[in-house]
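> Using the hints, position chain B with the ligands against chain A.
Heads up: the sequence lines are chains A and B, in that order.
In terms of numbering that gives the first Met the number 0, the first sequence opens at residue 0 and continues consecutively.
In terms of numbering that gives the first Met the number 0, the second sequence opens at residue 0 and continues consecutively.
Heads up, the list lumps identical chains together, so a pair's fine if it works in one copy or across two of them.
Below, a list of computed lysine to any residue pairs in the SDA-like style, where the Cα atoms sit at most 20 Å apart:
id	residue 1	residue 2
1	220	66
2	129	222
3	162	195
4	430	296
Don't read these hints as lab results, they were simulated from the structure.
Protein chains: 2
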Amino acid sequence: MSPLRSWFIIPRGSHFSLANIPFGIISTESSKTPRVAVAIGDHALDLEVFAANNGFSALSTIQPHQDVFSQPSLNAFAVLGRPVHSIVRKYLQSVLAEDTPYPDVLKTNSTLRRQALIPLKDVKTHLPFKIGDYTDFYAGLNHAYNVGVLFRGPSNALQPNYKHLPVGYHGRASSVVVSGTPIRRPNGQILSNPLAEKKVPTLSACQKLDIELELGAFVCKPNSMGEPVPISEAEESLFGVVLMNDWSARDIQAWEYVPLGPFNAKNFGTTISAWVVLADALEPFKTKGLENDSKVLPYLQERDENTVYDIQLQVSLKTKTGNSTTITKTSSRNLLWSFPQMLTHHSITGCPFNVGDLLGSGTISGLEQSERGSLLEQNENGKTSIKLSGSEVRHFLEDGDEITITGVCGSDEEALVGFGECVGRIEPALKL
Amino acid sequence: MSPLRSWFIIPRGSHFSLANIPFGIISTESSKTPRVAVAIGDHALDLEVFAANNGFSALSTIQPHQDVFSQPSLNAFAVLGRPVHSIVRKYLQSVLAEDTPYPDVLKTNSTLRRQALIPLKDVKTHLPFKIGDYTDFYAGLNHAYNVGVLFRGPSNALQPNYKHLPVGYHGRASSVVVSGTPIRRPNGQILSNPLAEKKVPTLSACQKLDIELELGAFVCKPNSMGEPVPISEAEESLFGVVLMNDWSARDIQAWEYVPLGPFNAKNFGTTISAWVVLADALEPFKTKGLENDSKVLPYLQERDENTVYDIQLQVSLKTKTGNSTTITKTSSRNLLWSFPQMLTHHSITGCPFNVGDLLGSGTISGLEQSERGSLLEQNENGKTSIKLSGSEVRHFLEDGDEITITGVCGSDEEALVGFGECVGRIEPALKL
Ligand SMILES: [Ca+2]
Ligand SMILES: [Ca+2]
Ligand SMILES: [Mg+2]
Ligand SMILES: [Mg+2]
Ligand code: NI
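Pulled out of the complex, with its shape left as it was, chain A reads as follows:
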């Protein structure tokens, strides 16, 4: 299939080709109220302005709902359902296509082009959804195995439940932030001498601040309390995907997490990318996940073999000195469980979902050293150091370090479906 071409200039290698059309929330210097946009090349198409100027004149379906584009989150748009998201994306693709059947809408309408197409560098992006509940899973088998080996040795690395259900925990929705938001190093209780017989915690700035390379998926269809989402309907409930960095305080976690799981180690910040790539746009990049050699219960069995996405993921670390090093390259196919399986398992109890709820995949690591999605795995819990370009090394994150996750599907430079960046820089801990 040759790529869709646009009359609009989309730089080669852009994550936001015509094949993508991801949705986000923007504001600008001259118009500070957050509203809905899509990214196209190195521009945002402001859908509030577009809608207000008859941009959707040829798409009657959306006309009664155009106020969704004036909202400060994607929730109202998401509520309309996947068939509508699909129609809107296809319509925008056709409006932007070289041979658009609707040239008057934008191609030859220079006034609207000037108003609605804003360079991304002039745009401020906001958290794309108002998130009700956020759940983080642990579906990255290689990560779970690597971490298990570090703490329990290879023969007990995975817990007995791991291959039977997508292990997960409820996370903190209030601290999910959009790419670019600074992350302050947390303070918390840690053990300065974890091996001592008598455990004496101190209050300290986190000394083992880590990243977790993850994907996030947003829910677009609510279910009532008591009514599980069957696996056959779970895909229809998922709006789209973002990159996610689940910042983690390993020393706080080690002390606090028995018996109820990670808590303060996780709730100080979780960064997601600003542009949500629709499930539809990712459809061509579906592939098989990691093989599950245990028999999965019927309620979690999917009809299709290809249930996860082959997104090429990359993590780079830029230090205060300006040195930048790619520390991880892997694919998001390294998951044992798909997002539909996560949603179905999560709701099997009757747990209700609201539109805008966020599911995290769990840390994604490949098999190789260079494919590990957390510093903990790379440094073997602090035993080895991670070499950066120049002469710098790291065990865990230092103040001023900036982490950038990127993700992209496809190889045709004119038809990439990418996520842009998921960035966060570490600020020094608050002095208490």
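Quick look at chain B with the ligands alone, frame taken from chain A:
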């Protein structure tokens, strides 16, 4: 101090004496839009109607904010801050007092009395807050000890961190429901033979459905991400308290919870009482919590000795046959950590809170068998049976069982500060 008397008939023994004035959200057959009310005796005072009819004419502070009483949740009222909650409560007390300085407002205004004072039996109550995030703690030392003994024996009953920090986990906000909402028995993965070498889960209706007797506290003051709430300011951030039943699926929990904590075992429903008792109303009932024999870090040290509430709690179980048995009587003083300590610890990382966030205390148990706040503790994980009145027995909850938690402060029958009821009845599991 002799009790405040009212010109209005407040039945002896009412939880909602003039000393209380709890806030909630109501609707009625004739006016279905949820709005704010207070409970007084066996009536609700509809504050939307009261405000619209000059009820607050003598309280200038609140006049610019009267729209908060027309909201479908207490969030907007809570945002105004504790000094305002205090003023509004005192004003309503004075309006209802026998010797009210404002007789025209309500006492002699029979039209408004008829419109605004609605029998509680004619009122539908709703979830009092729009809850952003819900966190459940584990501050009931006796419960943590009892459960620890069951699973690890008496010498390792408490984890090393237990007395150093309030252990907690992020919960599921979407399934917090108001008293009276039916609870459907969850389905989930359980081990029919937990002791077998090879663990083979089945999908089943929960067979160990349990209760947890808890208190919940609502947050009324936001903090920015990165800015902890100091212990000296934590009380100002807490709006008030409700009774809470943290329904728990013990068999689902046992299989799923290692290593990331309870998840599906908890997310199918959490019931809270409808009327939120203001922190101000509970002030006279503060007392010392359980003694902590470890040295608490300074950031968690409180100035006052009396940091928890002496609420007389009771749990009753009514079976399908109509038989009702009081299965637990205890006091909420059985906590090792106070709500201010929970909030301060939770935010020490910089975790941001929003108004309406909910903190659960953890299961409250006294030292005696008859004071245990969960069935798991009463039946020693299924080993012994719980005798009910008549000839019925229970290990865990059966379909049709109804659990009612009540809580009340004080002993003067004309000045009780009570919570009403927190009720939930078990419906059969969905057939899958
Ligand atoms: Ca994670
Ligand atoms: Ca609990
Ligand atoms: Mg996080
Ligand atoms: Mg619960
Ligand atoms: Ni009456």
